[in-house]
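A.B. asks: Spelled out from the first residue to the last, the chains are:
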Amino acid sequence: KNEVEQSPQNLTAQEGEFITINCSYSVGISALHWLQQHPGGGIVSLFMLSSGKKKHGRLIATINIQEKHSSLHITASHPRDSAVYICAVNQAGTALIFGKGTTLSVSS
Amino acid sequence: EPEVTQTPSHQVTQMGQEVILRCVPISNHLYFYWYRQILGQKVEFLVSFYNNEISEKSEIFDDQFSVERPDGSNFTLKIRSTKLEDSAMYFCASKQQANTEAFFGQGTRLTVV
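Protein chains in written order, with my numbering: chain A, 1 to 108; chain B, 109 to 221.
Note that these hints are calculated values from the structure, not bench results.
Since no wrong hints were added, every one of them can be taken at face value.
Below, a list of computed lysine-lysine pairs in the PhoX-like style, where the Cα atoms sit at most 25 Å apart:
(1) B:Lys150 with A:Lys68
(2) A:Lys100 with B:Lys165
(3) A:Lys100 with B:Lys191
(4) A:Lys1 with B:Lys150
(5) B:Lys165 with A:Lys1
(6) A:Lys68 with A:Lys53
Chain A extracted, bound-state conformation:
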């Protein structure tokens, strides 16, 4: 069974800071997902990666398949980025295996 570990567990930043959240997994995967969960509970997909790097606005996600590691970067962070960021992986099946999430708080 795949173990998905995220770090840090909690992250506090000032508006404008560059933020990095890390994810590592123990077993080979077919894809890795970064998700955002807001205080109301809803989950939104940010990225799905199987190799390399993807960028969407101020968000960048990278993955290193050999090292079983992915990072999510937020440039020029803003208070509205405050949320829980979750790493999840597809292993053999189509279901997702989730990490515990990183709680990000950005203050102005």
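Position chain B against the provided structure of chain A, taking the given hints into account.
C.D. replies: Okay, now just chain B, sitting in the frame of chain A:
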């Protein structure tokens, strides 16, 4: 933009009662999922559904649980004989294909009292 919708948003039920959580996946999606998140814990996979049958299920998804796609649009999760520990947020998700991104509903918060 198409979205996954879940009803109700919050359900309170007495221990031992049966509940049905409802989901309408995105219309051209083929893969459907139920996940749950106990307060303060990570999201856990319950079951996946494809081609009108269960394709995967976790050890959590025992005989207390069942899923149905009764009419080609709704996707339901039935929990029989609810227990206090079934209290959680239940998320429905759907995918167009096996290797595409997942779209999640807003969740149903189930409280068993």
